[in-house]
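Enquirer: Construct all of the structure, not just a fragment, from the sequences and the given hints.
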Amino acid sequence: MRRFYKPVLWLAGIAGASAIAFMLGNYATDVYRKMLIWIALALSFNFLFGIAGQVAFSHFAFAAIGAYAIVILSVKLSLPFGVAFVLAIILCTVLALVVAIPATRLEGFYLALATLAFAQLVTVVLNEGGDVTGGTGGIAGYRLPAVFGVTIRGPWYTVVLVLLVAFTLFILRRLDQSYFGRACRALRDNSPAAAAMGVDIARTKVIAFTVASALAGLAGIGYAYVDNVINPPVFGLENMFLLLFMVIVGGLGSPLGAIAGTVFLYLAPFLLEPLVGPGFLVVFGVLVVLTILFRPGGLAGLLSLVPARKPA
Amino acid sequence: MTAQPLIRAQGLTKRFGGLVAIEDVGFELYPGEILALIGPNGAGKTTVFNLLGGVFAPTAGSVAFAGERLDGMPVHHIAGRGLVRTFQHNMPFASLSLTDNILVGRHTRFTGTLFDILLGRARMRREEDDARRRAVELIGFVGLGERAGSDVSTLLFGEGRLLEVARALAGDPRAMLLDEPAAGLTPAEITRLVDLIRAIAARGIAVLLIEHDMHFLLPLAQRVVVLNFGRTIAQGTPLEITRNPAVVQAYLGEAASGFAQALSHA
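Respectively, the protein sequence lines represent chains A and B. Once you know that position 158 of the first sequence is 158 in the working numbering, the rest is easy, because the numbers rise by one and skip nothing. If you want the working numbering, it's the position in the second sequence, counting the first as 1, plus 312.
Worth double-checking, as some hints may not be accurate.
As the list claims (entries may be wrong) - Label pairs and their computed distance ranges (CB to CB):
#1 380(B) to 98(A): 30 to 36 Å
#2 121(A) to 506(B): 35 to 41 Å
#3 238(A) to 525(B): 55 to 61 Å
#4 8(A) to 320(B): 34 to 40 Å
#5 400(B) to 173(A): 35 to 41 Å
#6 437(B) to 268(A): 36 to 42 Å
#7 442(B) to 110(A): 38 to 44 Å
#8 437(B) to 275(A): 37 to 43 Å
#9 296(A) to 368(B): 33 to 39 Å
To be verified - Footprint (simulated), chain A over chain B, 3 or more residues, beta carbon under 8 Å:
#10 393 to 402
#11 424 to 433
Hints were generated in silico from the structure; no laboratory data involved. Backbone N, C-alpha and C fix where the C-beta goes; we use that ideal spot for every residue, glycine too.
Expert: Spelled out as structure tokens, the structure:
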């Protein structure tokens with residue numbers, strides 16, 4: 001029974017989220033699209049941090065690599081979009097592997113430092129990249145080209161972003177609900193015991209990091225055509241910390257929690273900013289501290305979006 | 313015991329800098345046999361486990377498992393060969409359900425690749441369903457049936473010991489290393505554990521255990537290896553061990569004659 005019911009639920013979710021795209025004005029469309037990008041990033045970051053337990057600050061750096069790669073390859077080098085897309089994904093995957101293989105040997109704090117250094121390096125390259133990256137001003141004035149003769153504009157691009165989120169969620173759920181996902185959670189909880197059960201700790205960590213980072217790159221590609229502008233600050237540490245907050249407030253390890261946390265923290269400033277101005281960041285900070293202290297399950301725990309896993 | 317030994321440890325030596333943890337320890341373990349490793353604290357028992365389990369490579373000597381050299385192999389390769397261990401302290405995966413804890417123990421028996429997982433191949437679902445069925449069986453086998461739906465953090469200490477055993481069994485091992493399985497258990501739990509270990513050995517699984525509780529161990533083990541200061545001081549049946557003056561002096565003390573009496577009447 002459940003096997004028939006599940007695809008229906010997915011289709012309904014995609015259709016519902018897509019339908020919203022056709023009801024929104026220009027400003028609301030922009031807000032909605034960026035929220036979808038945030039959700040895609042939060043889902044993959046939740047897998048990396050919440051499930052695999054890797055405190056990595058490189059997530060936005062990989063989004064930047066995806067976004068800059070697609071624009072530079074397709075606009076500056078005039079490659080066909082399909083080719084540029086595949087190359088951008090390959091670049092993200094390869095760079096993720098290059099970072100992951102040494103970095104995932106590090107634990108906790110040291111992994112955080114190594115990925116922080118990588119993120120800063122990417123920001124420096126983007127700022128100092130001259131004509132290639134457009135320096136501090138970034139790159140603007142391009143548009144999504146026709147893909148196989150189809151030009152995607154307006155609400156249809158929002159639908160593409162809905163599909164991006166659905167794809168990300170789908171891939172990560174498949175991994176999470178397999179022996180691979182269990183191995184990720186097991187090594188986060190107790191890596192010596194996981195190794196004794198036959199889990200290859202290094203390999204599992206590298207795969208989790210690479211898959212999550214490649215998905216961040218994909219979200220970056222999606223972002224590149226939201227405003228048709230990319231510049232370094234968007235991919236900076238400030239947003240990286242906001243992403244961390246979203247996943248923590250949502251409830252570590254829960255994909256639905258990551259979505260809830262993202263929607264909540266993404267929309268909160270629209271309500272809070274008129275009231276407290278830039279002080280909303282302080283409110284966020286307090287919220288995160290309160291979550292960690294009193295509700296480690298986050299929003300997901302609060303709304304019981306994570307039922308105790310189905311007893312077999 | 314004319315069969316080939318499943319595990320053959322020869323001349324195992326481990327030095328940490330100038331400290332000799334164990335020196336020239338050797339023994340054989342046969343399928344379905346229950347072998348005990350005893351000795352005072354610091355005698356090197358857990359070091360032997362860590363060498364067999366791949367946590368350290370021996371300074372000298374070798375471990376053969378079903379004819380294959382295991383020493384120097386990384387930890388995660390060893391479980392897949394069919395040699396699996398439990399820990400002296402409970403090491404559950406705290407955020408996983410009881411069933412999922414046990415499923416991690418079956419990690420090495422999943423054959424699907426990452427692509428099979430991503431494509432949701434039917435084979436993967438069959439493996440997963442099959443593994444879940446076996447996990448439920450194992451939960452019953454070790455006597456945790458009533459706790460099947462519980463959060464592992466709510467398990468009592470003794471139940472946590474049983475979870476360790478079930479998790480180790482999940483990968484269909486050929487040999488199990490149990491590090492002080494009875495420590496901290498109530499007498500009733502120990503009785504259950506004895507039955508459980510006998511049932512495991514009856515399945516043809518070789519059991520090597522470290523234990524301090526001689527009331528539990530001596531009636532259970534078929535053979536005993538005694539370590540003291542990193543060296544083997546005796547090897548033999550429980551009865552022989554309790555009558556060995558070196559063992560009595562180093563470890564068993566005055567209680568030895570009581571154990572010997574109990575054993576010879578059993």
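Enquirer: Tell me, in ascending order, the numbers of any earlier hints that this structure violates.
Expert: Hints 2, 4 and 8 not satisfied by this model.
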